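There are 2 protein chains.
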Amino acid sequence: MFKHAQLESVKAAIAQPAHAAMPLHARIQRAIRKLIVDGALGPGKPLPATRALARSLEVSRDTVEAAYAQLHAEGFIDRRVGSGSFVAEMIEFASGARLSRRARLSRNQAPNLSRRGAAMFQSGGVRERLSPRPFAHGIPETRSFPLALWERLERQVRKDAGTQLLLHGDPQGMEALRRAIADYVNLERGARATADRILILTSSQQAMSLCANMLFDPGDRVFIEDPAYYGARKAFDAAGLECIPVPVDGQGIVADRILASPQPAKAVFLTPSHQFPTGVTLTLDRRLALIEWAMRNQAWIIEDDYDSEFHYAGKPTACVQGLDPYERTIYIGTFTKSLFPGLRIGYVVLPPQLVKPMTVARTLLDGHTAPMTQMTLARFMEGGHFGAHVRAMRGVYAKRLDLLARLVRDHLSDIVEAQVPAGGLQMPCLLTGDLSESRAIDAAQRVGIELLGLSGLHAADGGKAGFLMGFAAYTPLEIETAVRKLKSALQAIG
Amino acid sequence: MFKHAQLESVKAAIAQPAHAAMPLHARIQRAIRKLIVDGALGPGKPLPATRALARSLEVSRDTVEAAYAQLHAEGFIDRRVGSGSFVAEMIEFASGARLSRRARLSRNQAPNLSRRGAAMFQSGGVRERLSPRPFAHGIPETRSFPLALWERLERQVRKDAGTQLLLHGDPQGMEALRRAIADYVNLERGARATADRILILTSSQQAMSLCANMLFDPGDRVFIEDPAYYGARKAFDAAGLECIPVPVDGQGIVADRILASPQPAKAVFLTPSHQFPTGVTLTLDRRLALIEWAMRNQAWIIEDDYDSEFHYAGKPTACVQGLDPYERTIYIGTFTKSLFPGLRIGYVVLPPQLVKPMTVARTLLDGHTAPMTQMTLARFMEGGHFGAHVRAMRGVYAKRLDLLARLVRDHLSDIVEAQVPAGGLQMPCLLTGDLSESRAIDAAQRVGIELLGLSGLHAADGGKAGFLMGFAAYTPLEIETAVRKLKSALQAIG
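Heads up: the protein sequence lines correspond to chains A and B, in order. Residue 322 in numbering that gives the first Met the number 0 is what sits at position 323 of the first sequence, and the numbering runs on without skipping anything. Residue 376 in numbering that gives the first Met the number 0 is what sits at position 377 of the second sequence, and the numbering runs on without skipping anything.
For reference, chain A alone in the conformation it holds in the complex (with noise of 0.2 Å):
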């Protein structure tokens, strides 16, 4: 009744160690079903009888009948009285070779996404970096991460909770953590929070992919910095948006150039302490002029305060969003940057009018963040670990820049100019030779290193052509050996 190798497939699917656990006829069950949805029993074969199965399979009779129940009453076999089991006369179960040539292409073809679904697939997502090298920006420090101590804590957030944690959470997020967050980000970043005017998300992408729906509709104009953070740019251009390019000088994002724009704008969106990628600080003037401009507009500043827990000269302005008294600012923060990638907390600091909207939005999205990392959070911030470990890592970076700076005058100062930032996790450097951004990042790439070009982040051509590096990441000695390895590549091409 069966082929010797359906059998051997039964047999092979009932030994496995990993079934081990799963009582003997459901295994048996499960593999004829698999031989009858792959195809390989068609409709109508014959099923051996129970105990010849048994026998082959040295089982008892029992177990086999309880498998063909089974598989009869999912509507698999049907049983006929004295003439045995045989596969339901339903339908074939086509395997991918049997399949009519119709069903064939209906599998192979372009995936038919929507509209919007194609414009997010083909700007090809925000990708971060895995196992980062040098010089892949955007990165922290993470090899030194005191994990014993946040585990530490995190044993105690258990003991002290119990099984509560494993419950849904406050879709807004925990309250102690947003205490915490107020707490730091109004001491720290000047900012005017207090914790009912926060909500906990994944990340900084996140945020800016719930103001992109949650404010705009299609076809909306969003003024954005030239050259610009690229996952805000993708987050807006997903939804739909307009995004009106401003250039960024020495002093940040031109605002007198949003002030003299003839049309409107529903918002602008900055990254203020250290802009990225030019690591410009925005001046307090232009802040104050476009707190001015949302206010008479009743647009929005979305300000995405994403790494200015590192400046290391002189300390960072003020946050927008402290300076606005309109409560027409969104804060962005994260922990990606401060404490490690894989933590998974950003949050946004909102105007009022706006935390119910928003925190309904997010359980519609995806629901809300794990109260357990968000608790061992606020207990790491509580008890001012965060505090400690920024304050660290601040000089740790700072170190690493200087070196970096030093490296690239020294080694690299034929082919690019260092633009030391005052703060952030890279540093942009211009090519100031003949050679040109994508042939200097390829030559970088084949021997391992890893550039971002600046050209690109601008939303015309022509932007300055250089590249930024990341440094927080890495040790001196990497940081020393990636910079003489890229000067032998770059020199080869030059």
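Possibly wrong hints are sitting among the right ones.
As the list makes no split between identical chains, a pair holds if one copy fits it or if it spans any two.
Simulated crosslink set (DMTMM-like; lysine to aspartate or glutamate; CA at most 25 Å straight-line) [unchecked claim]:
| # | residue 1 | residue 2 |
| --- | --- | --- |
| 1 | Lys158 | Glu140 |
| 2 | Lys265 | Asp216 |
| 3 | Lys10 | Glu381 |
| 4 | Lys33 | Asp195 |
| 5 | Lys2 | Asp284 |
These are calculated hints, taken from the structure and not from any lab test. Everything numeric in this text was worked out from a predicted model, so none of it was measured.
Go by the hints and put chain B onto chain A.
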């Protein structure tokens, strides 16, 4: 120079123990900045001389000088040689009380959301019970979860992987977890999954929202069950889709209605294992008919298999995904019901051509899921603990369902008729007498008992009145107490 209250507020700010780790000059700088930003120190107002303030605060003059220097660098104060320091004459940093009428209006107005944002807000979102009381539905037993075992696996994962898991993870999900899930759904659900066709997400809600946006454009038609799971309907509504309700009878969704529909549709949404809320199982012939329909119409089947782990009468039928040779089915699974809601891990099994687009979309929406949690779950599954937990819970829930069904029969039979389901975490009850659904639910609510009304889950008026009673999360004593309470509450108004 400073009023007494201003000096006191600076003193209080610098004495705060939470800020003890911050240098003294930074604490003074922030306290003064707050006075300026809050409007307590207006433009042009003089600041105390450094010497005088140092004396008042009992700190060194250098400390005050450092604070003033930073305020100056940030643009908050002007310093004039010989005449001291003044709040910058830039703009009024207005407090709420000093705002112009227009600005006050700006703060108090409606949130001016986008059309899609307003629609999401008005949907009310998907609210989950934070502290479940009987008979809140959809919640598993968590109080007996093997937390110590989970913690041990977590420690093992940390020991093996170290800080590697602090970095960004693969946006598709960690491969070990995808492999464990593929093994599980193939074995237990008769799916045809491979690790490379699985995408790890936060929740099944995220899966539905992702499908709604990636596969359909606003106005596209989608068949949904009637009555329907509210989370799915809201996700589709939020994406602007037109949901076409299709009635559910004792064999699941009436597939003939779909086959006979003159108007095309892009998809059908199904909860085939235990239809939500009726609990019925979709029969095999209807599954196969819908698979053929999807192939012929190049439509998608979105299969939400949210609580198929818990089937008490016989085995659950194999999932639609495993029966579909044309790869038109998207299978949605979640650990919210089978493990615990606070875990925040769900997944989809995708047709091959959708894997890349969906993964790219997730990087734009929120990035990826925490690697640490994924690896712990992978180990929980690989070690056979997941299977063991599900089996144990299946036994517990079967008993709780039996108990609830018996108690409802014994105590509430003059009011409702229990529709004992073959599986799942809740039991629907239909009102048989004159009592209205809303009065029954309100009366229950007043005595602390949660019921979800059934008629609101129907697309139109005239759906059967009744309610859902969740049973999985409550002990026999809690169930019994709550049924008695419900009985008195309903008799009192009957």
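Comparing the hints with the structure gives:
no., hint, verdict
1, Lys158 / Glu140, "between (30 Å within a copy, 19 Å between copies)"
2, Lys265 / Asp216, "both (10 Å within a copy, 24 Å between copies)"
3, Lys10 / Glu381, "between (58 Å within a copy, 22 Å between copies)"
4, Lys33 / Asp195, "between (53 Å within a copy, 20 Å between copies)"
5, Lys2 / Asp284, "neither (82 Å within a copy, 27 Å between copies)"
Comparing the model with each numbered hint stated earlier shows that hint 5 is the single one that does not hold.
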